[in-house]
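Residue numbers (my numbering), protein chains in the order written: chain C, 1 to 306; chain E, 307 to 461.
Be a bit skeptical, because a hint or two may be false.
[Stated by the list, open to error] Pairs of lysine-lysine residues, derived as DSSO-like cross-links and limited to a Cα-Cα distance of at most 27 Å, are as follows:
no., chain 1, residue 1, chain 2, residue 2
1, E, Lys-338, C, Lys-201
2, E, Lys-338, C, Lys-89
3, E, Lys-338, C, Lys-191
4, E, Lys-401, E, Lys-427
5, E, Lys-427, E, Lys-362
6, E, Lys-447, C, Lys-163
7, E, Lys-427, C, Lys-191
8, C, Lys-89, E, Lys-455
9, E, Lys-420, E, Lys-401
[Stated by the list, open to error] A few chain E positions that, by computed beta-carbon distances, are all more than 10 Å from chain C:
no., residue
10, Glu-331
11, Cys-421
12, Asn-425
13, Met-442
[Unchecked claim] These stretches of chain E come out as covered by chain C in the derived footprint (C-beta under 8 Å, 3 or more residues):
no., segment
14, 363-374
15, 377-389
Derived from the structure by calculation, the hints contain no laboratory data.
Quantities reported herein were computed from a predicted structural model and do not represent experimental measurements.
For every residue, glycine included, the Cβ atom is placed at its ideal position computed from N, Cα and C.
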Amino acid sequence: MMSTLKGHSLISITDYSKEDILKILDIAEEFEADPRQNILGNRVIASLFFEPSTRTRLSFESAVQYLGGRIIGFASADTSSVKKGESLKDTILTVSNYSDLIVMRNPLDGSARYASEVSPIPIINAGDGANQHPTQCLLDLYSIRKTQGRLENIDIAMVGDLKYGRTVHSLVQALCLFGARFHFVSPDSLKMPSSVKTVIKNAGLEYYQYTELSDVISLADILYMTRIQGERFPDPLEYEKVKNAYILENAMLEQSKDNMKVLHPLPRVNEIAEDVDDNPKAYYFQQARNGVYIRQALIAAILGLK
Amino acid sequence: MNTKRTELKVSAIRNGTVIDHIPAESVFQVFKILNLDASDKQVYFGTNLESKKYGKKGLIKISDTYFKPRETNKIALVAPNATLIEIKDYDVVRKGKVRLPHQIDGIVKCFNPKCVTNNQKVSTSFLVTQDHKGEMKLFCKYCEKTMAKENIEFI
Numbered sequence: 001m002m003s004t005l006k007g008h009s010l011i012s013i014t015d016y017s018k019e020d021i022l023k024i025l026d027i028a029e030e031f032e033a034d035p036r037q038n039i040l041g042n043r044v045i046a047s048l049f050f051e052p053s054t055r056t057r058l059s060f061e062s063a064v065q066y067l068g069g070r071i072i073g074f075a076s077a078d079t080s081s082v083k084k085g086e087s088l089k090d091t092i093l094t095v096s097n098y099s100d101l102i103v104m105r106n107p108l109d110g111s112a113r114y115a116s117e118v119s120p121i122p123i124i125n126a127g128d129g130a131n132q133h134p135t136q137c138l139l140d141l142y143s144i145r146k147t148q149g150r151l152e153n154i155d156i157a158m159v160g161d162l163k164y165g166r167t168v169h170s171l172v173q174a175l176c177l178f179g180a181r182f183h184f185v186s187p188d189s190l191k192m193p194s195s196v197k198t199v200i201k202n203a204g205l206e207y208y209q210y211t212e213l214s215d216v217i218s219l220a221d222i223l224y225m226t227r228i229q230g231e232r233f234p235d236p237l238e239y240e241k242v243k244n245a246y247i248l249e250n251a252m253l254e255q256s257k258d259n260m261k262v263l264h265p266l267p268r269v270n271e272i273a274e275d276v277d278d279n280p281k282a283y284y285f286q287q288a289r290n291g292v293y294i295r296q297a298l299i300a301a302i303l304g305l306k
Numbered sequence: 307m308n309t310k311r312t313e314l315k316v317s318a319i320r321n322g323t324v325i326d327h328i329p330a331e332s333v334f335q336v337f338k339i340l341n342l343d344a345s346d347k348q349v350y351f352g353t354n355l356e357s358k359k360y361g362k363k364g365l366i367k368i369s370d371t372y373f374k375p376r377e378t379n380k381i382a383l384v385a386p387n388a389t390l391i392e393i394k395d396y397d398v399v400r401k402g403k404v405r406l407p408h409q410i411d412g413i414v415k416c417f418n419p420k421c422v423t424n425n426q427k428v429s430t431s432f433l434v435t436q437d438h439k440g441e442m443k444l445f446c447k448y449c450e451k452t453m454a455k456e457n458i459e460f461i
């Protein structure tokens, strides 16, 4: 099965059609069944992390290692030529001479799109500032399909910082391709932006907004929790008011559906109490593991190996 | 008749371009966008002129100057209903509405300070879109932020 994704960068989840997404999820499923496949041979993957990231970087590097490939790169801008004032273009053009594929995280919004324009080899965006993080979106979709047996017409509740959270924006966009009912729980100051709501309306789908977490627990198939970040609030007093508004505790899950699963892009701070971890409905650590299979699938598909 | 009267309020030109139906409040913006204060040609302008269609309008006449599409595109961002009239020897030789292109490259600054275009040597590129109210918006191809008309700043 040769992929049409071969040779193309992945910058934004909207770069992929429904068929592309399903193809990646299917390949990821193959890797979950058999993760150690020595298919990269002597290929070299460049991992350029201009800002630190634990989960995403390690998960990409783990994916490459499972596939028998090699990794070059850096884990922060401090240890790269950026510190000497090199432009992003020069870094990308140079590294493209040394590798077959570039995985890049950069704090500037739009840096990944720009890198893909100047690079002769494909780029996978591992997060460009507050803009896009498409591999997170794909692993979320994988986790939803795996736990619900389908992507179509799920009831998904998204909780926390819906205004600035890039993962929830991308996930809404992607789920609109499959049909879903969206339940948004946030403080008034962190509501889902109107641009994202427009995408839902244009897809002919419905969304509902709430301020209480307890209102959505019994109706959700997926409870997608996010962190409320203090630095987002112009007024520290406002943050104090809402920072503990959405803490999921184990007892609250009693009223949830049997098929319901709790997802979180991690890291969590206090929004999911630790007593939830042992509940079979807690899925966030498996969700993080699914990230490895998704990244294996992307690397293999983009390099034309699956 | 009304149009004729307003045109007479600003002197007729022999050769050049008339930009009509500029929103009254955007005349100085158009002036700036076209860099007319640096022009060595005769330039006339009027604002708060009567207009049947728009109530009040602005108008600019520039002698011996014709514009390239790249320049008229810029006008369309602040004066989407403007009419461009090219005059040769006092006769109208061409008349047409300015047209907002689907894409705006290299002339507008992205309003997002964290956008790569404001931090590296990258030329900007925007897709022209509309929100559900029909308001014109610019979608940055790089940072994917949507910019409203009031945030538009020219490079």
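*Enumerate the violated hints, using their earlier numbering and listing them in ascending order.*
Going through the list in order, the structure violates hints 1, 2, 3, 4, 5, 7, 8, 9, 11, 12, 14 and 15 and respects the others.
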